[in-house]
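The chain contents come next:
2 protein chains.
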Amino acid sequence: MPKRLGPDARNEALTTLTGWKLVEGREAIAKRFVFRDFSEAFGWMTRVALLAESMNHHPEWSNVYRTVEVTLSTHDAGGLTELDVKLARAMDAIVG
Amino acid sequence: MPKRLGPDARNEALTTLTGWKLVEGREAIAKRFVFRDFSEAFGWMTRVALLAESMNHHPEWSNVYRTVEVTLSTHDAGGLTELDVKLARAMDAIVG
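If you read the sequences in order, they're chains A and B.
So in numbering that gives the first Met the number 0, spot 22 of the first sequence is number 21, and the numbers just go up one at a time.
So in numbering that gives the first Met the number 0, spot 88 of the second sequence is number 87, and the numbers just go up one at a time.
Incorrect hints may have been included.
Claimed, not checked - Partial list, computed: chain B residues near chain A (C-beta under 8 Å): (1) Thr15; (2) Trp19; (3) Phe34; (4) Ser38; (5) Trp43; (6) Ala48; (7) Glu52; (8) Ser53; (9) His56; (10) Glu59; (11) Trp60; (12) Val63.
Worth flagging that the hints you see were computed from the coordinates, not collected in a lab.
None of the values given here were measured: they were computed from a predicted structure.
Glycine included, C-beta positions come from ideal geometry on N, C-alpha and C.
Here chain A stands alone, though its shape is the one from the complex (with noise of 0.2 Å):
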């Protein structure tokens, strides 16, 4: 199981990545996307729905029309952890 990402390590992943944010009241990390419309947003999630099942980790989610709203934890480690900045990091990659 990866581990949970102490305050550092947690603070040093935030400042490398862009956009994302810590959720109040809660040890995750949240980001919203905005596309250009429906097909470019879903297009999107089917690409990190592919990687996510890949790495068996996956985002929790929301999208209406061109926005995706993501929060980002591993339930299994009760926290962030590595995988969480993995994930981030690809979703913003994949959108270019």
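Given the structure of chain A, go ahead and fit chain B onto it with the hints provided.
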């Protein structure tokens, strides 16, 4: 533009849908779908997304692992329309 359903038409439509409920404080219907795993959940979302795009009528939805929460409403009409009923029915049919 599709016509907003009146209270009678809305209630009648609901009686023909399984597991869909009116959302409190909003003219919308909602349902929670639970699948076997993420793959099955996202596979279903993908099929729904293709249909939604072709209808030019999109759900509000959130996904956490094997669960998908869906809310349907027709923003342009300011309430529920036949489009929502049609999409809800199709979502149920795709589940099988």
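Structure-inconsistent hints, enumerated in ascending order:
When the structure is compared with the hints, numbers 1, 2, 3, 5, 8 and 9 turn out to be violated.
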